[in-house]
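A.B. asks: Protein sequences appear in the order of chains B and Y.
So for the first sequence, the working numbering puts the first residue at 1; every next one is plus one.
So for the second sequence, the working numbering puts the first residue at 1; every next one is plus one.
Don't read these hints as lab results, they were simulated from the structure.
Hints are supplied without guarantee of correctness; some may be wrong.
If several chains are the same, the list does not tell them apart, and a pair holds so long as it fits within one copy or across any two.
Stated by the list, open to error - Mimicking PhoX-like on lysine-lysine, the simulated pairs with C-alpha atoms at most 25 Å apart in a straight line are:
1) Lys50 with Lys265
2) Lys215 with Lys72
3) Lys40 with Lys256
4) Lys46 with Lys266
5) Lys310 with Lys50
6) Lys265 with Lys215
7) Lys11 with Lys172
8) Lys172 with Lys9
9) Lys50 with Lys24
10) Lys266 with Lys297
11) Lys254 with Lys46
12) Lys24 with Lys9
Since this is a predicted model, take the numbers as computed values, not measurements.
There are 2 protein chains.
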Amino acid sequence: MTGQTIFFKNKPRVIAGYSIVGPKEAAGPLDPYFHKRLRKDDFGQKSYEKAECKLHMSAISGAIIAAGLAPKDVDVNIGGDLLNQIITSSFSARELDIPFVGMYSACSTFGQALIVGAALIDGGYISRAACSTSSHFSTAERQYRYPLELGTQMTPTSQWTVTGAGCTLLGKEGGNVCVESATVGKVVDFGVSDANNMGAAMAPAAAKTVLQHLKDTGRDVSYYDYIVTGDLGVYGSRLFLELLQSDGVNAAEKHKDCGEMIFDKKQRCPQGGSGAGCSSVVFNSYFLHQMRAGSVKRLLLVPTGALLSKLSSLQGETIPGIANAVSFAVEDVC
Amino acid sequence: MTGQTIFFKNKPRVIAGYSIVGPKEAAGPLDPYFHKRLRKDDFGQKSYEKAECKLHMSAISGAIIAAGLAPKDVDVNIGGDLLNQIITSSFSARELDIPFVGMYSACSTFGQALIVGAALIDGGYISRAACSTSSHFSTAERQYRYPLELGTQMTPTSQWTVTGAGCTLLGKEGGNVCVESATVGKVVDFGVSDANNMGAAMAPAAAKTVLQHLKDTGRDVSYYDYIVTGDLGVYGSRLFLELLQSDGVNAAEKHKDCGEMIFDKKQRCPQGGSGAGCSSVVFNSYFLHQMRAGSVKRLLLVPTGALLSKLSSLQGETIPGIANAVSFAVEDVC
Numbered sequence: 001m002t003g004q005t006i007f008f009k010n011k012p013r014v015i016a017g018y019s020i021v022g023p024k025e026a027a028g029p030l031d032p033y034f035h036k037r038l039r040k041d042d043f044g045q046k047s048y049e050k051a052e053c054k055l056h057m058s059a060i061s062g063a064i065i066a067a068g069l070a071p072k073d074v075d076v077n078i079g080g081d082l083l084n085q086i087i088t089s090s091f092s093a094r095e096l097d098i099p100f101v102g103m104y105s106a107c108s109t110f111g112q113a114l115i116v117g118a119a120l121i122d123g124g125y126i127s128r129a130a131c132s133t134s135s136h137f138s139t140a141e142r143q144y145r146y147p148l149e150l151g152t153q154m155t156p157t158s159q160w161t162v163t164g165a166g167c168t169l170l171g172k173e174g175g176n177v178c179v180e181s182a183t184v185g186k187v188v189d190f191g192v193s194d195a196n197n198m199g200a201a202m203a204p205a206a207a208k209t210v211l212q213h214l215k216d217t218g219r220d221v222s223y224y225d226y227i228v229t230g231d232l233g234v235y236g237s238r239l240f241l242e243l244l245q246s247d248g249v250n251a252a253e254k255h256k257d258c259g260e261m262i263f264d265k266k267q268r269c270p271q272g273g274s275g276a277g278c279s280s281v282v283f284n285s286y287f288l289h290q291m292r293a294g295s296v297k298r299l300l301l302v303p304t305g306a307l308l309s310k311l312s313s314l315q316g317e318t319i320p321g322i323a324n325a326v327s328f329a330v331e332d333v334c
Numbered sequence: 001m002t003g004q005t006i007f008f009k010n011k012p013r014v015i016a017g018y019s020i021v022g023p024k025e026a027a028g029p030l031d032p033y034f035h036k037r038l039r040k041d042d043f044g045q046k047s048y049e050k051a052e053c054k055l056h057m058s059a060i061s062g063a064i065i066a067a068g069l070a071p072k073d074v075d076v077n078i079g080g081d082l083l084n085q086i087i088t089s090s091f092s093a094r095e096l097d098i099p100f101v102g103m104y105s106a107c108s109t110f111g112q113a114l115i116v117g118a119a120l121i122d123g124g125y126i127s128r129a130a131c132s133t134s135s136h137f138s139t140a141e142r143q144y145r146y147p148l149e150l151g152t153q154m155t156p157t158s159q160w161t162v163t164g165a166g167c168t169l170l171g172k173e174g175g176n177v178c179v180e181s182a183t184v185g186k187v188v189d190f191g192v193s194d195a196n197n198m199g200a201a202m203a204p205a206a207a208k209t210v211l212q213h214l215k216d217t218g219r220d221v222s223y224y225d226y227i228v229t230g231d232l233g234v235y236g237s238r239l240f241l242e243l244l245q246s247d248g249v250n251a252a253e254k255h256k257d258c259g260e261m262i263f264d265k266k267q268r269c270p271q272g273g274s275g276a277g278c279s280s281v282v283f284n285s286y287f288l289h290q291m292r293a294g295s296v297k298r299l300l301l302v303p304t305g306a307l308l309s310k311l312s313s314l315q316g317e318t319i320p321g322i323a324n325a326v327s328f329a330v331e332d333v334c
């Protein structure tokens, strides 16, 4: 480890990626890139929790099928979600009969899952890992905020939890995209205590991880075609760029935020999308598509998480953030 | 990976272990082995959640200090706990300034943390990992069951959540105990739906993981001095042994359960202890002490988890279980 960064010697490959989203996400600008869209966000299930579980399972199965494999060909499912005790991921793993490693790092979980999956493959311990995350607007609202029936108004700084699940199937070989390095994030607290302004809570963590990544790798932002944060949203992204700028790093031209990208302004989501499924559906659709096509050669994915619970907010705790960075490259620059 | 089992080529070492427990645990039979005991289970904090966080942090610091190191010498903290959104572990990581990987696998989290930590070290990605878990009786009761003030009676099959935190500091070298192999568990559901009988929910997962481990390694139970399950409790342990027996494996003489060991019958905990801190405090005290002293040479630690949430039980879901197995050996048999 150099600083906080791991370099993968054998460059694990992205064998397949899969994304499945709800109707609101499918009505957004990234619609053409998603692999599957729900007509109704209950997915024909009796509860939104069961719907999210089916979403999560569908993303994993989708990636496995896209790779022409079967669940028995996957050594480990590394998964996580936002629900208490990550029941979505573990109940999904119950159906799939794949050894399971449960992760929680809020909306940064996807980054953490990729890091552990890539390291297990690169070290020669396993051949394939399904790295999966999900979120669901209605399960998140019920758990973190208010009953939907109450019709509570969103604050101007709040983000809309993405209904969707994404899975990246990593393996020793296959495909033209590799995982090149990764920076494990630290928990950073700038004292933000407004649970409706998670972009502000996560921006410092994202900036810190990106600066650390650049330092550890000796790169500057020009090295990457895109630096893609998870779900900072509109305001959080501005803060992120300002924080980088105050350290002399101008990333404005390279930066994209999955939360900002997934919804259109007309869709009335004040700051954009969020949730553990946000970065995984956007990466596995739009960005992976571009890397497969060769139009993006080097990408730094930085999923960002706000580490709060309903209880921690009620007890007056501030909201620490975390961000993990994973660097992808296409074959000829691997 | 052979079946579900990883073999560590370079045999990562247990550099140090640390355990800190509450007053009830300190009144139990393992008292002489614990590193620190609280006089009061609020640890001088304003809430039990803050107390658990301080416990978690103390376990990590304790292990680092015991190894004669500083937090900057530790590359990653891999931690988890039972609270929603694992706030204990992430708030503890906020104070420690060590890169953080958040885990959730209920009371099997400690096993999962050890597997990921050992693989990252063995693969040459990091030099040292602090693998930590915790639980607290009062935070768990508040979150999963009833307010303490209600004085609800425990059912005969229920277990008492251990107040305690344990941390194992793994590294490339140091100490006479190594991590030799590990079996990643699958999520197993035998249809148990009684949230007060978690031993029964976890026993099938424990049996399945142990059988898989023996198959993958070509060993029989006589290979190990102890097969140590996490927190099956009295009844769950009996089920575990019966399930193994039905597959022709007699583990009765080798089996110990951390949940059964931590409390005395006089302490009126119907089935013994449980919680993400249970296996970590017992392993890092009693068992690590014996391995250090050379009286135990080969040990298979099998932390067990019940994958439920309050919501999943209310929605009528059954309780799937999971168990991860980690094999430790002392130097001369590494």
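A.B. asks: For which of the previously enumerated hints does the structure constitute a violation, in increasing order of number?
C.D. replies: 1, 3, 4, 6, 10, 11, 12
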